[in-house]
Amino acid sequence: MSQVKMKVNGREVSADAEGRTLLSSYLRDLLGLTGTHVGCDTSQCGACVVLVNGKAVKSCTAFAADLDGAEVTTVEGMANPDGSLGTIQQAFQDYHGLQCGFCTPGMVMSTAALLADNPKPSEEEVRHYLEGNICRCTGYQNIVRAVMAASGQDAGALAAE
Amino acid sequence: MHNFEFVKPSSVAEAVAALASEEAQPLSGGQTLIPSMKARLNAPETLVSLMGIAEMQGVCPDAGSLVIGAATPHATVAAEAASHFPGLAALAGQIGDPAVRNRGTLGGSLANNDPSACYPAAALGTGATIVTNAREIAADDYFQGMFTTALEEGEIITSVRFPIAEKSAYAKFLQPASRFALTGVFVAKYASGVRVAVTGASENGVFRWAEAEAALSQNFSADAIAELTCPSDEMISDLHGTPEYRAHLVGVMTRRAVAAAR
Ligand SMILES: Cc1cc2nc3c(=O)[nH]c(=O)nc-3n(C[C@H](O)[C@H](O)[C@H](O)COP(=O)(O)OP(=O)(O)OC[C@H]3O[C@@H](n4cnc5c(N)ncnc54)[C@H](O)[C@@H]3O)c2cc1C
Ligand code: FES
Ligand code: FES
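Quick mapping for you: the protein sequence lines, in order, are chains A and B. Quick note on the working numbering: the first sequence kicks off at 1 and runs consecutively. Quick note on the working numbering: the second sequence kicks off at 1001 and runs consecutively.
The reader is advised that the hints may include incorrect statements.
Stated by the list, open to error - Straight-line distance between alpha carbons at most 35 Å, and here's what the computed DSBU-like set of lysine-lysine pairs gives: (1) A:LYS55 x A:LYS7; (2) A:LYS55 x A:LYS5; (3) B:LYS1008 x B:LYS1038; (4) B:LYS1008 x A:LYS5; (5) B:LYS1038 x A:LYS5; (6) B:LYS1008 x A:LYS7; (7) A:LYS7 x A:LYS120; (8) A:LYS120 x B:LYS1167.
Simulated from the structure, these hints should not be mistaken for lab results. Remember, it's a predicted structure, so these values are computed and weren't measured experimentally.
Work the whole structure out from these sequences, hints included.
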């Protein structure tokens, strides 16, 4: 066991973690931040994506101890300070970018990483960037619409599949 | 997953010392090792993270070569190598997905030597030098078959020196479920000749296609190899493709890489 400290959603946190404690279990089991979902636990689905020092990372595929001192943002950190939905979250709701919602935390965090680098992505860039985020429900069309809307672009103009 | 002791040294010398203990293993981005520990294919007693070692990070041009620290993530190579060596940067930018590229590293990929991985094609296709804590290994001697390399127990890759090509490109036929290459070809043109390295096709891992190298060294154009076919002996047979299918892809991907080379 060792003490692992991070700054999660702007708050200094610390918890005793084993070597094998994954970032996903550090967030969910030790800090109670269950917004981050574990879909596959085999590095394939992207449901567990969070931002580590601003970069998208699969939290099921990183050890908490290796990220001691990191700044982490989870989906809980995407809401506005008054608790209302943030811009990306609101766009996912407005454009029906989710059905069961299991993949959504990872989709929202990958979108946040994309828009930080590329504030006005093309549809193709959105699809390419979200390749590591798998959704079993929506068929992706409305997710892409939501991302276009979140970046302040016209979401209605997408080509039909 | 079995538990282990986690250590994170800040120099190569400390890492080598930590790896001398029984059942110790290096950890870089963990994008291969963590899934394999979850599956209990690996159960180290000590895990030595190489991600806190500054001397193993970065992309640096040096006398006609690009020297890349072994712990540099794929995303950093894709961004920082682009102006020096576009073919290599484009290969790094096609590995996995953005989250994999933010953690996975050059050294981890070459140490693992997955038969369908991308970086082995770049290392062999450029005639790179693999630099370890103990010695320098030519790519031609380094790859020794699927998941097998010249690395000794406890030896770590610290950097890789890639000779910068006049023109190069990587053509990857994506296996969309795994995101690895079903077959991928790296082509690089040098004053001394052309090198062609193939990944994803052979049961013996990455290999050079000598006939294509000879033809392209005479005439660097897709037409020069239009009639060539790569033999399908010892090619991988699985549910994604037969040996003949992969052999065909080798020809197609080589021609695409030549056409795309810049
Ligand atoms: C969803 C997904 C998609 C992927 N797609 C691709 C793809 O398209 N193409 C591709 O090439 N790869 C792909 N990968 C693999 C990825 O590139 C890995 O990052 C890489 O193979 C291993 O690098 P790592 O830094 O994560 O190494 P780790 O997982 O940390 O380590 C891998 C192995 O190398 C050893 N090791 C690590 N660093 C060193 C070192 N410096 N010296 C000696 N030994 C070392 C470790 O002990 C371990 O045995 C994918 C992975 C995932 C999860
Ligand atoms: S839960 Fe991490 S990638 Fe699926
Ligand atoms: S909404 Fe159900 S998996 Fe994406």
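Hints versus structure:
Annotation: proposed proximity of A:LYS55 to A:LYS7 holds, straight-line Cα distance about 14 Å (limit 35 Å). Of the pairs offered as hints, the one joining A:LYS55 and A:LYS5 holds, with about 18 Å between alpha carbons and a cut-off of 35 Å not exceeded. Restraint check for B:LYS1008 and B:LYS1038: satisfied, since their Cα atoms lie roughly 20 Å apart, inside the 35 Å limit. Simply put, B:LYS1008 and A:LYS5 have alpha-carbon atoms about 15 Å apart, close enough for the 35 Å limit, and the pair holds.
Proximity of B:LYS1038 to A:LYS5 is assessed by CA-CA distance (about 24 Å); at most 35 Å being required, the pair is judged to hold. Straight-line distance between C-alpha atoms of B:LYS1008 and A:LYS7 comes to about 19 Å, which keeps the hinted pair within the 35 Å bound. Taking the CA atoms of A:LYS7 and A:LYS120, the gap is about 29 Å. The hint holds against a cut of 35 Å. Of the pairs offered as hints, the one joining A:LYS120 and B:LYS1167 holds, with about 32 Å between alpha carbons and a cut-off of 35 Å not exceeded.
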